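Colleague: So you can see what is in the structure, the chains are spelled out below.
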Amino acid sequence: MKKKIWLWVLGLCLISSVAAAATVKVITQEAMIRKDKRFFAPALIRAPFGAALQESGREGDWFKVSYQGKEGWIHKSAVQEQKFQLSSLAGGQAGEASQDEVALAGKGFNPEVEKAFRDKNPKMRYDLVNQVQAYRVEEQRLQAFLRAGNLREPGGGQ
Amino acid sequence: MKKGTIYFAALSLLLALFLTGCAEVVQVGTAMGEGMGKISKEDREAIDRMAKQTAKAVRPMTEQEEYYVGRAVAATILSRYRIYSNERLTAYVNSIGQALALASDRPYTFGGYHFAILDTEEANALACPGGMIFITRGMLKKAQNEDQLAAILAHEVAHVNHKDGLASIQKSRWMEALSILGSETARKLGGAEMTKLVSLFEGSVDDVAKTLLVNGYSREQEMEADLGALAFLNRLGYSPYGLTDSLEKMAREQTGGSKQGIFATHPGMDQRLTKSKSVIAQNQWPRRDDPARNRRFRELAG
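Going down the list, the protein sequences come from chains A and B.
Counting along the first sequence from 1, when you hit position 43 you're at 44 in my numbering, and nothing is skipped either side.
Counting along the second sequence from 1, when you hit position 193 you're at 200 in my numbering, and nothing is skipped either side.
Just chain A, same shape as in the assembly (with noise of 0.2 Å):
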């Protein structure tokens, strides 16, 4: 009995790593795909958050997705793999909502909360806070800053 139960346990591992190779989802508030995987490489498309893109392969970091019709690289640190499909498949509870589709379809801790919480602290300066947000480095002024200081360009959590 022990050994089929720990059979069991192997094959649900085994099925949660093969689901989670098709589809992953954009957890940024938006994330670029580019045309090669390097953090500087073209743009091809912006996907919002919550896009669900197709996974094709990966190398290193990178993940090779699909997204409206455009193939390139997304960072592994802007998605995150999308495991909870499988129910539907296999005739499972597809009704109920888990603890990850609760946390993604943005129930938590969220603008609604952040809202009332201002309401009740009208001291906050979340003005200043959207302020310092706002402020971009564009990415070919970036670029040129490094080069001046004769520094390497980041290739990403190696």
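The hints are simulated quantities; they were obtained by calculation from the structure and are not laboratory data.
If you're wondering where the values come from, they're calculated on a predicted model, not measured in any experiment.
Don't be surprised by glycine CBs; every beta carbon is placed ideally from N, CA and C.
Among the hints, a few may not be true.
[Stated by the list, open to error] Simulated restraints, written as ranges between beta carbons of each label pair:
(1) A:Asp62 x B:Lys217: 31 to 37 Å
(2) A:Lys124 x B:Asp296: 43 to 49 Å
(3) B:Val221 x A:Lys36: 46 to 52 Å
[Unchecked claim] With the Cβ distance kept under 7 Å, some of the chain B side facing chain A (calculated, not the full set):
(4) Glu72
(5) Arg78
(6) Ala81
(7) Ile90
(8) Gly118
(9) His121
(10) Leu220
Let chain A serve as the given structure and place chain B on it in line with the hints.
Modeller: Only chain B this time, still in chain A's reference frame:
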């Protein structure tokens, strides 16, 4: 099924959960098991229940949730300190910081990395969850060159990478938040639930802000952030000695040679230095001194 076997099955499923991180996978497995007549309906239900409860208990904060906590922590800090408005210096700090973030182990976060200078003579640097990082004008003055400034920022990027801010949130708060969120029928939270959730959010933000502004991180967290910083610096071609030089300088200035001041409030400082120096030596990382970087540092921040 005997009691002992159920217990064993439960343990196995816990293992499966930790390996897969997904209760749904367990449900598929048990559905198949029941369909094939391997386990009874009651066992299936018991196992599924356990799997779902465990999944609820272990779900970490998502990137998006980390982002909203980080924004609130930043809003707290910015209600106490003014932003130092200097366009060229802000651009300089952001360029160094953005490059380090891309060279880090977590180049992208929900809202990305952003750097700002706080207008105070206090020497400090603070990393909010999700990637908003503040360095004070007082801390900028401590850096003697770009590589030392990069080291200070790299250390903060490492704290974001390691989610050290989130780790300071009391576990019970997050568990309670999950129990509110976990009521699957509650697609839309009711007034009382929302009020409770907001107060848990507020408590979480307080936990992080207190750690950043008052209590500080543990010696281990600081040491890990140093090691992360060394790696990020080296990947870009900055001198890893930027870290040890700046730490040594700060320690010297604060203590006047004696083991007081910063050594007293950060008892791990000497160990951190020893560890960083040994990692630099082991990797035989060179001391780099770049005239172009030194020049632009003098022009912009010197």
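Colleague: Where does the structure disagree with the numbered hints, that is, which hint numbers, in rising order?
Modeller: Per hint list: single violation, 10.
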